[in-house]
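A.B. asks: Below are the chains, spelled out letter by letter.
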Amino acid sequence: MHHISLTIDELAALTAPVERAENADAPLPAAITGIAALDEARPSDLSFLGNIKYAPQVAATAAGVVLLPLGHPAKPRPGQIFLFVKDPSSALARVCDSIEQKLWPRPAPGIHPTAIIAGTATLGANVHIGPYVVIEDGATVGDNSVLEAHAYVGRSAVVGPDNWFKPRAALAEFCVTGARVKLFIGAVVGGDGFGFEPVKDPATGEVSHRKIPQIGNVVLEDDVEVGANATIDRARFATTRVGRGTKIDNLVQVGHNCRIGRHCFLVSQSGMAGSTILEDYVALAGQAGLAGHLRIGAGAQIGAQCGVMSDIPAGSRMLGSPAMPVKEALRVMAIQKQLPELIRRMKTLEERAAFIAEALAAAGYAPTTAGSAGSAGATAQPA
Amino acid sequence: MHHISLTIDELAALTAPVERAENADAPLPAAITGIAALDEARPSDLSFLGNIKYAPQVAATAAGVVLLPLGHPAKPRPGQIFLFVKDPSSALARVCDSIEQKLWPRPAPGIHPTAIIAGTATLGANVHIGPYVVIEDGATVGDNSVLEAHAYVGRSAVVGPDNWFKPRAALAEFCVTGARVKLFIGAVVGGDGFGFEPVKDPATGEVSHRKIPQIGNVVLEDDVEVGANATIDRARFATTRVGRGTKIDNLVQVGHNCRIGRHCFLVSQSGMAGSTILEDYVALAGQAGLAGHLRIGAGAQIGAQCGVMSDIPAGSRMLGSPAMPVKEALRVMAIQKQLPELIRRMKTLEERAAFIAEALAAAGYAPTTAGSAGSAGATAQPA
Amino acid sequence: MHHISLTIDELAALTAPVERAENADAPLPAAITGIAALDEARPSDLSFLGNIKYAPQVAATAAGVVLLPLGHPAKPRPGQIFLFVKDPSSALARVCDSIEQKLWPRPAPGIHPTAIIAGTATLGANVHIGPYVVIEDGATVGDNSVLEAHAYVGRSAVVGPDNWFKPRAALAEFCVTGARVKLFIGAVVGGDGFGFEPVKDPATGEVSHRKIPQIGNVVLEDDVEVGANATIDRARFATTRVGRGTKIDNLVQVGHNCRIGRHCFLVSQSGMAGSTILEDYVALAGQAGLAGHLRIGAGAQIGAQCGVMSDIPAGSRMLGSPAMPVKEALRVMAIQKQLPELIRRMKTLEERAAFIAEALAAAGYAPTTAGSAGSAGATAQPA
Numbered sequence: 149m150h151h152i153s154l155t156i157d158e159l160a161a162l163t164a165p166v167e168r169a170e171n172a173d174a175p176l177p178a179a180i181t182g183i184a185a186l187d188e189a190r191p192s193d194l195s196f197l198g199n200i201k202y203a204p205q206v207a208a209t210a211a212g213v214v215l216l217p218l219g220h221p222a223k224p225r226p227g228q229i230f231l232f233v234k235d236p237s238s239a240l241a242r243v244c245d246s247i248e249q250k251l252w253p254r255p256a257p258g259i260h261p262t263a264i265i266a267g268t269a270t271l272g273a274n275v276h277i278g279p280y281v282v283i284e285d286g287a288t289v290g291d292n293s294v295l296e297a298h299a300y301v302g303r304s305a306v307v308g309p310d311n312w313f314k315p316r317a318a319l320a321e322f323c324v325t326g327a328r329v330k331l332f333i334g335a336v337v338g339g340d341g342f343g344f345e346p347v348k349d350p351a352t353g354e355v356s357h358r359k360i361p362q363i364g365n366v367v368l369e370d371d372v373e374v375g376a377n378a379t380i381d382r383a384r385f386a387t388t389r390v391g392r393g394t395k396i397d398n399l400v401q402v403g404h405n406c407r408i409g410r411h412c413f414l415v416s417q418s419g420m421a422g423s424t425i426l427e428d429y430v431a432l433a434g435q436a437g438l439a440g441h442l443r444i445g446a447g448a449q450i451g452a453q454c455g456v457m458s459d460i461p462a463g464s465r466m467l468g469s470p471a472m473p474v475k476e477a478l479r480v481m482a483i484q485k486q487l488p489e490l491i492r493r494m495k496t497l498e499e500r501a502a503f504i505a506e507a508l509a510a511a512g513y514a515p516t517t518a519g520s521a522g523s524a525g526a527t528a529q530p531a
Numbered sequence: 149m150h151h152i153s154l155t156i157d158e159l160a161a162l163t164a165p166v167e168r169a170e171n172a173d174a175p176l177p178a179a180i181t182g183i184a185a186l187d188e189a190r191p192s193d194l195s196f197l198g199n200i201k202y203a204p205q206v207a208a209t210a211a212g213v214v215l216l217p218l219g220h221p222a223k224p225r226p227g228q229i230f231l232f233v234k235d236p237s238s239a240l241a242r243v244c245d246s247i248e249q250k251l252w253p254r255p256a257p258g259i260h261p262t263a264i265i266a267g268t269a270t271l272g273a274n275v276h277i278g279p280y281v282v283i284e285d286g287a288t289v290g291d292n293s294v295l296e297a298h299a300y301v302g303r304s305a306v307v308g309p310d311n312w313f314k315p316r317a318a319l320a321e322f323c324v325t326g327a328r329v330k331l332f333i334g335a336v337v338g339g340d341g342f343g344f345e346p347v348k349d350p351a352t353g354e355v356s357h358r359k360i361p362q363i364g365n366v367v368l369e370d371d372v373e374v375g376a377n378a379t380i381d382r383a384r385f386a387t388t389r390v391g392r393g394t395k396i397d398n399l400v401q402v403g404h405n406c407r408i409g410r411h412c413f414l415v416s417q418s419g420m421a422g423s424t425i426l427e428d429y430v431a432l433a434g435q436a437g438l439a440g441h442l443r444i445g446a447g448a449q450i451g452a453q454c455g456v457m458s459d460i461p462a463g464s465r466m467l468g469s470p471a472m473p474v475k476e477a478l479r480v481m482a483i484q485k486q487l488p489e490l491i492r493r494m495k496t497l498e499e500r501a502a503f504i505a506e507a508l509a510a511a512g513y514a515p516t517t518a519g520s521a522g523s524a525g526a527t528a529q530p531a
Numbered sequence: 149m150h151h152i153s154l155t156i157d158e159l160a161a162l163t164a165p166v167e168r169a170e171n172a173d174a175p176l177p178a179a180i181t182g183i184a185a186l187d188e189a190r191p192s193d194l195s196f197l198g199n200i201k202y203a204p205q206v207a208a209t210a211a212g213v214v215l216l217p218l219g220h221p222a223k224p225r226p227g228q229i230f231l232f233v234k235d236p237s238s239a240l241a242r243v244c245d246s247i248e249q250k251l252w253p254r255p256a257p258g259i260h261p262t263a264i265i266a267g268t269a270t271l272g273a274n275v276h277i278g279p280y281v282v283i284e285d286g287a288t289v290g291d292n293s294v295l296e297a298h299a300y301v302g303r304s305a306v307v308g309p310d311n312w313f314k315p316r317a318a319l320a321e322f323c324v325t326g327a328r329v330k331l332f333i334g335a336v337v338g339g340d341g342f343g344f345e346p347v348k349d350p351a352t353g354e355v356s357h358r359k360i361p362q363i364g365n366v367v368l369e370d371d372v373e374v375g376a377n378a379t380i381d382r383a384r385f386a387t388t389r390v391g392r393g394t395k396i397d398n399l400v401q402v403g404h405n406c407r408i409g410r411h412c413f414l415v416s417q418s419g420m421a422g423s424t425i426l427e428d429y430v431a432l433a434g435q436a437g438l439a440g441h442l443r444i445g446a447g448a449q450i451g452a453q454c455g456v457m458s459d460i461p462a463g464s465r466m467l468g469s470p471a472m473p474v475k476e477a478l479r480v481m482a483i484q485k486q487l488p489e490l491i492r493r494m495k496t497l498e499e500r501a502a503f504i505a506e507a508l509a510a511a512g513y514a515p516t517t518a519g520s521a522g523s524a525g526a527t528a529q530p531a
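Residue numbers (this note's numbering), protein chains in the order written: chain A, 149 to 531; chain B, 149 to 531; chain C, 149 to 531.
Hints are supplied without guarantee of correctness; some may be wrong.
The list treats identical chains as one, so a pair stands whether inside a single copy or across any two.
Listed next, the in silico SDA-like pairs over lysine to any residue satisfying Cα-Cα at most 20 Å (straight line) [unchecked claim]: (1) LYS234 / LEU251; (2) LYS359 / ASP157; (3) LYS359 / ARG328; (4) LYS348 / ARG392; (5) LYS359 / PRO346.
Simulated from the structure, these hints should not be mistaken for lab results.
The following block holds chain A by itself, in its conformation from the complex (with noise of 0.2 Å):
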């Protein structure tokens, strides 16, 4: 974390401590250069306790300079600087956010003299396009959005205003973003959907797919991100819709046609098969699957390596493949392991109604129908 580096004054600044406790009985760090959790930060760090559950790790920290919880009533050791504030993990989201704009500045507009740009392409104002980036005929670019090294737009290709495309992120032909969309680096956005239909070779009689055309496109509404070498294929025709502030991580894939919805999550190598529809607040966790034509309800939550073959009903949580309610696949999977010991049990009854039945028989009594008699008969057996 070499690249991380602030002052203490820097530091108070942007966390406004309300104490401040030190140890000067070794030397006191003038700056840190990195963040750490409690028990893996060095002197060098800055750490924080933003759950209470840690606070035992507190006075064994190495950390240079410690957050801590108003009252907190640790003491800092020789060379620690401890700063109290109200609330550890917002000080420290601003310390974040901080680093962030210095490591992370956006780009100065620009045109790298080797983009590409179609003379029938439009760029709006403040565009930063960076080097061997192509811009196909008639595509757009939105005021202050980043393209960065080895991105591609398609043609007539509409990025929207402060998106911030990463090296190498693909929109092909006719796609559309929002505002602020984010795509990482090799996130595929507009690749052709998985569609054929069967043809018979008159001739020879070899049976072949044929390819159906994939002619529709995808929008990415405001404040999309897709995470890199992820994938969202176009439309057969009309539109594969991903709603405003939805967030894809790595490696997912979402078909033709899908339409997802606002706010929803796709954690890393989930996918979507084609025409299937996410409401709203839907989160997919990772390699969950979910097959094509189906309607996940709103703020339902598909769990990791689901299998989602039917309809989920809004504000369901699921687990399992194929999926069922969390509750009832924890029971059924708690059960699977005691299988064993149920298929012993079962044989030990099916003796002992052998030999009771033996003993009943010995005193005369025969069963009341042959039905039960005669199963029972091909039960007694071992199994």
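Fit chains B and C to the known structure of chain A by using the hints.
C.D. replies: Only chains B and C this time, still in chain A's reference frame:
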């Protein structure tokens, strides 16, 4: 969908309606600018009745133009045009094909001045080489092939005729494609196989993984498509082969030395470990995973998230992880939900068996074998 | 495999045969142009008997040259050459190493004129920088490192010595690699972590996800490899670390703040959520998924498609989702297939219990407790 536009005359020419009905009580559309399902269409859209089950939606659709089967009874509302055709679906397909040809014309032959093409590379006739494409020593590009921006062709690789590499597609060293192959954005054909052997450092005794040279290649036969950011590894030696007409979706992984037959389907995020064989017409659904060194028989269908750990006979339909025949898998999945109830029933039977044994003991009956009595005694306790 | 060619003399020099047998009744090969398994080899191929279980294939192989263990009884057929060596597998490895060095020679040092290297970047000795590579401000590239076409090195990133970045590999801002690190095509090291916090718009009351700054970096230690299109996220703060010698396959996801030990294996499409720790020598099989904030003990082996939701002790072998010890998982998987049969046996036992109770009641025996009688009555009904 602002990018689609067809006049009514163009539509009629493409769909050859046998009859036509319109209601001019409101102004009729002069053109359509989109295609949509009956229940989503706007007045500027073309819609269609492809599946009779949607017939009830015809009366309510807002579509400006609707393709209907001959003799369909519906009457257009004001401002609507109905085109009655033999087969609405194939009529729509002709419309989509025509739009696709307009929107994705084959780029004109030519070599962008920024393309870097090794002096020892060979280019066929009428190729299109886009900006910042790199073609390395000894590579070949076949007639009429298109390589879009940032595409990469490695040393001695062979691109067949009529290929279309979307931006940033990569064909690595020594790999070969047949005719009409399509690579989508970010597809990687010919990465190293993942093969290592343990080696012990004689000095330190530390065991590490030594890379096994991966000196083979990948061959994609005619009409293969590889989706966005999908990866296909080169063979250890010999060839990783993908058969004619096979379609591979986004983010799919094909391991080294796999041999995939003709006309297979690998849906998004599915993966094949090394040396596994797919015979012809195999389908892998989304997120399905295959272990290495397996043979999947012709026409087998492997369900979503399926985990295959052994060979699969031709024609099988598999589901679950580990994979089972679909019927069996569905039965097991159904019964898993009954497990809590099953446990309750088991407990009740055990209580009852205990009471019966008691009664018999009182009557002076003894088990015929120590074994069954012993086990009976064992299970008479609450489990 | 047209690209491999070794004369018989070169082969002999590499494999140092102790004995040699050939059958000149047909013309002997002057060279081999491929390597293949015994059952797939053609006359132009080199093959080998690496595992004695394939010995029966030796007599039938069409390979022109075969590496055999000393004293193997087989006799070459016309046109075949047999080379008898101490260890055919290691002899083959030497052949493959030599071919690899021929086919993948280290590119000559030099900087392509189209590479864009910031004035503030530092290049070591003998680096190879390919066409359209972009190296940003303050970045460093170590001695003898190779960056192929379209590779990207972000601001202040540090590429160690003897690295090899394949085309289009990306090392983002502030990230660091050790010695001999390999990034394959499309690999992304240093994308943003996926961290957000909910915020409510005071005006509209709408809740949205606010990005938590991701200001840490990624450190890849010596000898790490990252596969094609794999993604490794930068830490929230501090470092996402991959230990020395760890190998990461294609399309793998490593979340922010993960710490991976030395010599681990992450097979294709496996994924780790944030802050999870792998100790040394952990193996994740294909499509395995790990929840966040877990610790996986040294040497643990996590099976294909495994879903890990809790810490795993060192040396464990896990399988299933949720993960269980392999033996337990296999037993459960086997029993799941018996569940339908188990249900049938349960019904029969219940019928039989009902008939026995009847008989006893007739004999005047009553249950000792109302409870067991009641539940017995309850379960005597068909479930």
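A.B. asks: Under the constraints set out in the numbered hints, which ones does this structure not fulfil?
C.D. replies: 1 and 2
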